[in-house]
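Participant: Could you use the hints to bring the two separately framed chains together as a complex?
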Amino acid sequence: MKTLRLARVHPGALAMLAVLTLSACLLIAGMPRMMQGAFNRAMAQYLDAAPAQQADLTALATSNGIRQDIDSVERFKLWDAEVRKLLPAGLRPVVRPPAAGTSHMSAKTSRTPVHDTGGMRYINLAWLSDADRRVQWIEGRAPGKPSTKRFENTDIPLFEVGVVAEAATKMGLTIGTEQIIGESDYAAIKVVGIFKALNPADRWWSHNADALNVNEVQPPGKLDLEKSITALIPPAALTVLSGQARQLDYRWVLSVDTAALGSLDPVEVQAAIKDYDKALALNAKGDFAHRLDTQLANLIAAFLTKLATAQTIMYLALGGLLMVALGVIVLGVQLVLDRIDQALGLMRARGAALRQIIATAGGLTAAALLPAVLAGCSLAHLVPGPAVALVHIGPALLLLTGIGYACARAALEHRAPLNERRGDVATAKPSAKRITLEVLVIGLALVGAYLIRTRGLTTDVATQGQDPFLLFVPIALTLAAALITLRCYPYPLRLIVRLAARARPAVPFLGLTRAARARSFSVLPVLILLPALAVSVFASLISSGIVRTQEVAVWQKAGAPIRVEYAGIFTDEAIAQIGRTPGVDQVVPAQLGKVQIGFTAERADILAVDLAAWSKLIADAPITLPAQPGGDGIPALVSPAMKGRGTIDVGWQNRMKVREAGVIEKVPGFFSQGRFLVVPLDANQRAGTRVNVNTLLISGSADPAQVRAEAVKAVSAAVKGGDSAKLITVAGAAEARAAITGDALTGTVLAILRIVTVALAAYALVAVVVTLVISAAERAAALSFLRTLGLSARQAQGLTVLEISPMIVLTSLAGLALGLVLPAALGPGVDLSAYTGDLGVQSYDLDLLTPTLLAAGLTGVAVVGAYAHTAISRRRSLGSVLRVGE
Amino acid sequence: MNVNPTLSELEAQASQEKAAFGGDAHIVCDNLVRIYKTEGVEVVALQGLDLLVQKGELVAIVGASGSGKSTLLNVLSGLDVPTAGLAKVAGTDLLSMAAKDRLRYRREVVGFIWQQTARNLLPYLTAQENVELPMKLAGKARKGRAAELLTLLGVDYCADRRPSEMSGGEQQRVAIAVALANSPQLILADEPTGELDSDTSEEVFHALRKANRELGVTVVIVTHDPLVSEQVDRTIGIRDGRTSSETLRREGAEGQIVAEEYAVLDRVGRLQLPRDFMNALELERRVRLELESDHIGVWPAREESNGE
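Sequence order for the protein chains is G and R.
Per our numbering, residue 1 is the first one in the first sequence, and the count goes up by one each step.
Per our numbering, residue 1001 is the first one in the second sequence, and the count goes up by one each step.
Only chain R is shown next, with the shape it has when bound in the complex (with noise of 0.2 Å):
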């Protein structure tokens, strides 16, 4: 770059767009806040929340009950606005969405699976016929692509039962081919697998890197439950309406899984410490920092001498 730089090139450089945060990801949150207001009581869900996930990424976002986990799915899927922030899927800016395009986002770009098994289908349709609805909302229905998806997924041996007749792993299966039925390019999963029992959990999980291998969808499964996060390529940490740590697992030299836990920081430099870090040095109120060559190091306060 020019050391004295013009002023025709500073007035080029201004016009220029800046890259934005997280670039080309295919979700991108910054800074997004969600505030529910009933008669004057707020209640703040996300409070500056940061996400990047590329393209074809199975992600799981992991936090304690009322940390937000649900509320940045709910925004995610459309069926939500935040307060403020930035939010972007695939390119679509979920903020400044009118009606239209929102049920256009819903139908074309993203599938929901939710918790309860029975909330995921309509209890008087067969599986078949579950699959098919969204193709029929949407009005695009193709002929095969129901038998398709459900043979994916490993059970198109339920295709015309009802969902009373299929058990909770057969439902959540049924109900991700629901999902993918609009070829969408992110299904976002609420606890898919909260009410099945491990083995169930592991069916459906197979079946959920199956659409994200053979189809590139990006998946994104919000849980606690930590044997989710032993499946998936990166785990996302949310506290208190946060991103406040990352645990990437990659294979390592001798094949075995190496997890590393690393915490978030965000676009100015805000750090969120693990709490048991804090509690284990009795990090309070303040901390000293020093930079190294390759680390900075964080330490308590020093004691203050007295006048000594």
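Pulled out of the complex, with its shape left as it was, chain G reads as follows (with noise of 0.2 Å):
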């Protein structure tokens, strides 16, 4: 009845429910959407990293005979308008029109060699349907209408073609060279055009590679190199060229945006891609072999692999806040009902049906939900990101939630008309049932936490989707600490409840019994603070541990703050005029190269250093660098590959034996795998030659550019002529940093895993702010009857502090102790290489301080809430307050 005049009534309790419900859908429907951009940005980016070749949708058809060649661009054109119509629903929104991005349609000979030359050379033929557009000409002309050639008392066809620059130099197929081609249908090609690629780095490419470059190969056992390359034909060859005699493919390039692919379902693409192979093997025309030749589903499925244990993590987070907000939204609707309880109590003795109470009750919460709601998530619009399931979903659960508690608790309050209640008799005990129930879910937990530990999680998640059990077994572990917090504080209160009857003021024990009888503080609190803290420490946990799992793969990646290789040698001048650059501290030579075992084939990388000197060099990163071995002749630190092996002779600059002195797992910056040796700067010179040294590692601020520069400088000076730019590579760890770091996904984790830790800690204050409002009323009541019988102000805010604070820091205790242990629970389970470099993050258990910091900071801020709250309170008379308690 008259519900918005009863809304004006309590504008505070509403305006605090509406902000609680915005923030909570801001985040819940915003930060999904920031997350699946990322994801998808993250896709896009691995799929754009693969050749465009593996990531469109290729159809291919093979031409056996001419009756199955397509002479003209139009039926090209009518056979592309066909394998788009069987394109099933699901690729559509992917695929590119025709002759956009990198769709295009080809017809090309393969393994087409030229006569006499012994399998040696290969000519192919290809017609590309957006070359013209592609390449520029920069000799001769572009090649016009085939003509025909008399050869071996026959007519074969001559096609005038062209090639790329490449070919002309590495072939020797200069203008107007012709060449017969075909091992028994012959045809003669002639060249007309020299060409290059206008954009050799543009995807399309990468279908047409072949064109682009001499594919050279060395055939075993023999010296010479096998050369190959494809030369463009017009359109208007396509009539003489034929499938009859050689192998002749036909493929419809559908160029797929990789972007676009973000906004579907990964596992029904995949599906989908099956799906259309099926279509056009189906559909097939004539005698036509068609087929579908894409990665796309593998690519994919790689993807999804790699990341989905982390995108758990990221549920996981994400789901912890939902629940925390739906239990701090059903605190809020908790403290509106509350404040019109009355209100709603004299509406039912005059007459006011259940139903009526109900949707006076959820009317009002409606009220402030709704347009919250509808805020919340017009704002999160704003947060770039494609919107998934869960941005629809999380806000409606927070809407139908608050309502429906709104209303299921209305209708429990007041479903007997009487609103008084004799309750202060005896504290309720426990039923049987429910304790059983209780035991069970705790017992669940545990035997989930055990399973996950020990049988692992199942891999496979590309076709069977995440592991239920690593989202179910953090909720129910939470679920059973809460259970076992609430149930279990009040006995080591009572404790020092005993002790605390004992000694003089009676303030303590007043406050500890208040505690421990636990009027004050009602179950939602709890299982609001104790998942949001342990969400919240998990969150800063995982975030600390990939932030320093990176910076370790960063040096592990650099080796030092900036390195320098030169494929010659620097002089002792050039090093010094390095080491001059502004903001070189350091500089430490090394020699890098490629040594002989013994005199088999087998090859090792070989790394001449000075470890100590090195290991100062980076004394402020986060690896270390094993001693150098001493001792005489050359002492060698050994890849665990070639472990064992004692005394190695390698030949180097010269033959040299070094002898096995340790084993060295990785050389940072330098080699993670396979055979490799670390061995003292000095070893050439131990063999009889001279220190060439060829690499620097370089230390201090100097801008890797500059040095770069001074380096390009240095080389120069000493060696005349040649272009000793293309010579040097400068890396540093800034460089490794902007690529681990960098990429779409680790920074929008670690915002979210941030964002997940702030929100969480807010909302647990908020919870604790709340609860102590909607006791308010009653703890003034208890107040004023004992300062009545002279307790003082100070008193009474002392034993507020000593009423409330026993539960919080129990809890937040709890809520840190899970945070810590949840990440250990599920290690197995959780892989987070995608966003360290691919180094797997092996600890969680190194930072606590933030987690400390977190729990200490949100119990201290909540203790000093109680104080202040009765320190505002007490500005009340103790008559009004006295009388409210009646």
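Keep in mind that the hints were calculated from the coordinates and are not lab data.
Where hints are given, some of them may not hold.
Stated by the list, open to error - Just a few of them, taken from the derived set where beta-carbon distance is under 8 Å, the chain G residues facing chain R:
# : residue
1 : Lys2
2 : Leu346
3 : Gly351
Stated by the list, open to error - Covered by chain G, according to a simulated footprint, are these stretches of chain R (three or more residues, beta-carbon under 8 Å):
# : region
4 : 1103-1113
5 : 1132-1142
What the hints assert, rightly or not - Some residues of chain G that are not near chain R, with every Cβ distance over 12 Å (derived):
#  : residue
6  : Asp132
7  : Ala209
8  : Gly345
9  : Gly404
10 : Ser544
11 : Asp605
12 : Ala687
13 : Lys726
Ideal Cβ placement from N, Cα and C applies to all residues, glycine included.
Facilitator: Right, here's the structure in full:
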């Protein structure tokens, strides 16, 4: 009745509920968008990193005779339309239209030998539908119509072709060159044009790399290289190009828009690709053998597998946030209901039916929730990223839970019209049914945690989806921890109460007794505070684990702040000159090379370096290097693959015998697997030659670009002529860091984990404050009563703090413990290497500072809140407070 | 009656419904028991209370704090369900009501006024809207009814005021209007003047009497204010969850008000003696009763002679 007017009477509670809902909706609807956006970008990045030939869908048909030849561009286009018509609906949104992106058509011969070269030269012919847009003729002209030529007493077709410039130099295919191709059914080609790609980096060329580069292969047992190239022919040549006597393939390349792929369910895309393959085979025209040539499904599967567990972590964090947000909103609704309880009671007594009461409570809650949910969702729309299911389900769930709780609670509270309870007689004892259920939940959680550690998880996520176990166990563990906390916290308190009873001051005894009776603190705050803190601690641990491991990965990859490698030899002057570059602190020279092991074909990488100097160089980095072994001869640290060989005879600049003096797993910045050796810098000198430094490890704040410029200058001064710039590579920690932390996913994942941490901490705080406000009237009455007995205001504040804090402290401790245990419990199931440069996050137990600060800060603020709350309520006169409690 | 009834006559007699206790009284409570039970601890608020109120009566129920008078009122208002016994109001059995009947009962049969002036009215509604609320809740709003009632109770000038803008007496009179909104047959008032000074109390009582006289509504007032008992026709005292005494007021021959206090005799003949009577004669454990032609004498037990 008059819901809006009722709403206006309690603006505070409703505004608080609205703000809570707004923030929850924004987070719940915004973060999955952000995350999905990042996942999609990462998938696009991953697919784009693969050649277009693998990522695109290519319908392939092979011509087997003259009847099946496609002799005109028009027929190609008709076929293109047919091929596109067969596309399953699920794939259409990601396929670009004809001639867009890498979409094109081609007719290409393969393995077409050049006559009389003994199978060492191949010139394939290719018509590419949009070649004219992709190439620039740098010599001669574009090929024209084919003609005929007399060869071995027959007329054979003569194709005018254009080849890439590289073919002219490597295969001698200069303008005017004529060649006979084919094994029995000959054709002739005449080079009339030399081209270069307008944009060789264009993904389009991935499909036609054979036309852009001469393919050189060394066949077994031969000294010469076998070379092949694909020459371009004009559309007019299609009439003559027949698959009767040579391998001729027609291709319709459907360019895949990797960015659009994100909006689809990857599993459905995989299925659609399979369907498309079948559809193409079934709808083959004539005798054509049709098939789909793509690696897209495999690429997607590989990506999903790579990210699956990491995605689970994110959903876990978001799920935790959703649960806590639901709890906080329920608490907010409870506050509102508390405020309107008297009005509802009066309405009920005045003859309101239960549904009228429910409608009023539900309507009032909806009045606060609905605008907030709408506003939250609209704000979340501003977050870039696609809308996944959670974006819609989350806010809807918040809304329905809020209203549903309001209705259910109003119904239960006012089912009996008399709104007076005699609940003061005795505390309710839990029923046997409830205890059994709680024991069951705790048992299941423990069994789940045990199983997840022993059996691990399914890794076949691409086809089977996420392992539900990974989601179930943390939820069950959290619930179990909350139940244990709720049931068991009075026991330690009662012990303290006994001690307090013997002490002279009354306040500790009274405060702790009230805390142990737990009238003021209901179940809900515990159910909010504990998961909030647990997930928050969990998220902060994971994010700090990722950050730390990323840093390790950076140094593993870089080895030094700046690393300069040169394909020649650095002179001492050059090294000194580079060392004088502004910002360079220290230069450690090294010699990198490849050595022959014994007199066999076995090769190994070798690095000659002063490990002690190198260690000093990276003293601040989170990686360590072993000490340089001493002793006679040439002591070497060997890779695990070379372990146990004793003295090894190696051929570098000279033959030398190195002595195995230890094992080194990885050489940061240089080697991580295979066969490698680390020897002292002067190894070559000891072997009788000289040290040829070709690698410099540099520390300091110097700009890598400047170091590079200086190195080029220094090297050019020593070596006259030649392009030294090409021979020098400069890499460093900054570059590695940018590569590891800069990808779409890592930044987002860390941002989400941090937002979740902060949001949950804030919600936990809100939960405490709302609970304080809800129980304020009762506490104020109790305190006023005690104050009439002589309790001072200061003692009253102490009493409140003592009453509130045990629960908060104990719940915080439980949440902290659970948060710290969760990563360990899930450890084997969660692989975050996708975010850390493929280096698995090994341990989470290092950073205790953040979680502890989180828990302590939260507890502190809550206790201060309780103190402040009492201080404020002190202002009310005793009489009015006592009257309220009547 | 036939001295030697035949079998068929006896059967007819047995099947005949006996006149119920209280007959056609408006409120009938017979051996009413209400026990609050929380986790094994029982509080007996009413222990076999009997009460009869006729239609159109204005009665007060008095008793010390904790004597069970508020419980009785909650039972009568349909807000609470008795544990055992019989409670009937206007022919409606309060024990066997379904939730739907209970709602209809609260909407149509009773009106309620609480002690706290603030508790009777929704603070965010005006007086008029407060009076209209029960009608709207029952789904039968009558135009002009609210204004009519406010005028009847002399608070028509408060129609557009919120409770916070009214005095305590005005609030209680509006509360009476609210209670009367759906034309109930019975009004129950729990200490309606408990928070008011004597002048304002007088106004509220006047309003209640007016409702009683002009609308013919039965009014039951629970109070421990002795002044109230002077304003009503009958005062019923409750002690330890039972009706213990009744004071009837009538006009004497010379126009003065004569109040006579009676003890209540229940259906099986139990009687509660006033505590001060018992103390005066040191009545303990047992008494001697002597039946006279027009009364029963109650005597202290004789001193037992020690074997003399």
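Participant: If you take the shortest Cβ to Cβ gap from Lys2 of chain G to chain R, is it below 8 Å?
Facilitator: Where the cut-off is 8 Å and the nearest Cβ of chain R is about 6 Å from Lys2 of chain G, the hint holds.
Participant: Count the residues of the region 1132-1142 of chain R with a beta-carbon closer than 8 Å to any beta-carbon of chain G: does the count reach three?
Facilitator: Since three or more residues must qualify, the claim that chain G covers the region 1132-1142 of chain R holds, with 5 doing so at under 8 Å.
Participant: Say whether it holds or is violated: Gly404 of chain G keeps its Cβ farther than 12 Å from all Cβ of chain R.
Facilitator: At roughly 22 Å from the nearest Cβ of chain R, Gly404 of chain G sits farther out than 12 Å, so the non-interface label holds.
Participant: Far enough from chain R: is every CB of that chain over 12 Å from the CB of Asp132 of chain G?
Facilitator: The assertion about Asp132 of chain G holds, with a minimum of 79 Å to chain R.
Participant: Quick one: work out the minimum CB distance from Lys726 of chain G to chain R and report holds if it exceeds 12 Å, violated otherwise.
Facilitator: Fine: 83 Å to the nearest Cβ keeps Lys726 of chain G off the interface.
Participant: The output says Ala209 of chain G does not contact chain R. Does that hold with a beta carbon cutoff of 12 Å?
Facilitator: Given that every Cβ of chain R is farther than 12 Å from that of Ala209 of chain G, nearest at about 78 Å, it holds.
Participant: Given a cut of 8 Å on the nearest C-beta pair, is the interface hint for Leu346 of chain G held or broken against chain R?
Facilitator: Interface hint status for Leu346 of chain G: holds (6 Å vs cutoff 8 Å).
Participant: Ser544 of chain G: least C-beta distance to chain R exceeds 12 Å?
Facilitator: Check passes; 49 Å lies beyond 12 Å.
Participant: Beyond 12 Å from chain R, beta-carbon-wise, is Gly345 of chain G?
Facilitator: violated, 9 Å
Participant: Quick check: do three or more residues in the region 1103-1113 of chain R have a beta carbon closer than 8 Å to a beta carbon of chain G?
Facilitator: holds (count 4)
Participant: Let's test the interface hint: is any C-beta of chain R closer than 8 Å to that of Gly351 of chain G?
Facilitator: This interface hint holds because 4 Å falls under the 8 Å limit.
Participant: Is it the case that Ala687 of chain G keeps its Cβ farther than 12 Å from each residue Cβ in chain R?
Facilitator: Check passes; 92 Å lies beyond 12 Å.
The structure fails to meet hint 8 from the earlier list, while all remaining hints are met.
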